[in-house]
Amino acid sequence: MRIFRYRKPSLSTLLGVTAAKRSIKRSLGISQVQGFIEPSRLKQKTKYRAGLYTPLARAIRQTAKGKFRTPFGL
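Counting from 1, one number per residue, gives the positions in the sequence shown under the working numbering.
For the record, the hints were derived by calculation from the structure and aren't laboratory data. A few of these clues could be false.
Here are the computed lysine-lysine pairs in the PhoX-like style, where the Cα-Cα straight-line distance is at most 25 Å [as the list claims (entries may be wrong)]: (1) 21 to 8; (2) 21 to 47; (3) 65 to 45; (4) 67 to 47; (5) 43 to 65; (6) 43 to 25; (7) 65 to 47.
Pairwise CB distance ranges, derived in the manner of DEER restraints [as the list claims (entries may be wrong)]: (8) 9 to 62: 27 to 33 Å; (9) 37 to 12: 23 to 29 Å; (10) 48 to 27: 28 to 34 Å; (11) 41 to 8: 47 to 53 Å; (12) 3 to 56: 45 to 51 Å; (13) 55 to 8: 40 to 46 Å.
Note that the coordinates shown come from a computational prediction; the quantities given were computed from them, not determined experimentally. We put the beta carbon where it would ideally sit given N, CA and C, even for glycine.
Whenever a hint applies, use it, and build me the whole structure from the sequences.
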């Protein structure tokens, strides 16, 4: 464990509440279900299926913002 921390831990972390909640969720499989039904994940899946994350679509979006690709990938 590090001596110096960037942020001080919250009270629930110190008491172990966070770890207990996470272990319960993992054992019940709730996080697996949430990954399928969360609105942000559904939106991301829809965009992926529509092809918004293909290299061509990414290049078009970047050039529209004024960022052009270079041979070195910078």
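Each hint, compared with the structure:
no., hint, verdict
1, 21 to 8, "holds (20 Å)"
2, 21 to 47, "violated (32 Å)"
3, 65 to 45, "holds (24 Å)"
4, 67 to 47, "holds (22 Å)"
5, 43 to 65, "holds (22 Å)"
6, 43 to 25, "holds (23 Å)"
7, 65 to 47, "holds (19 Å)"
8, 9 to 62: 27 to 33 Å, "violated (39 Å)"
9, 37 to 12: 23 to 29 Å, "holds (25 Å)"
10, 48 to 27: 28 to 34 Å, "holds (30 Å)"
11, 41 to 8: 47 to 53 Å, "violated (31 Å)"
12, 3 to 56: 45 to 51 Å, "holds (49 Å)"
13, 55 to 8: 40 to 46 Å, "holds (43 Å)"
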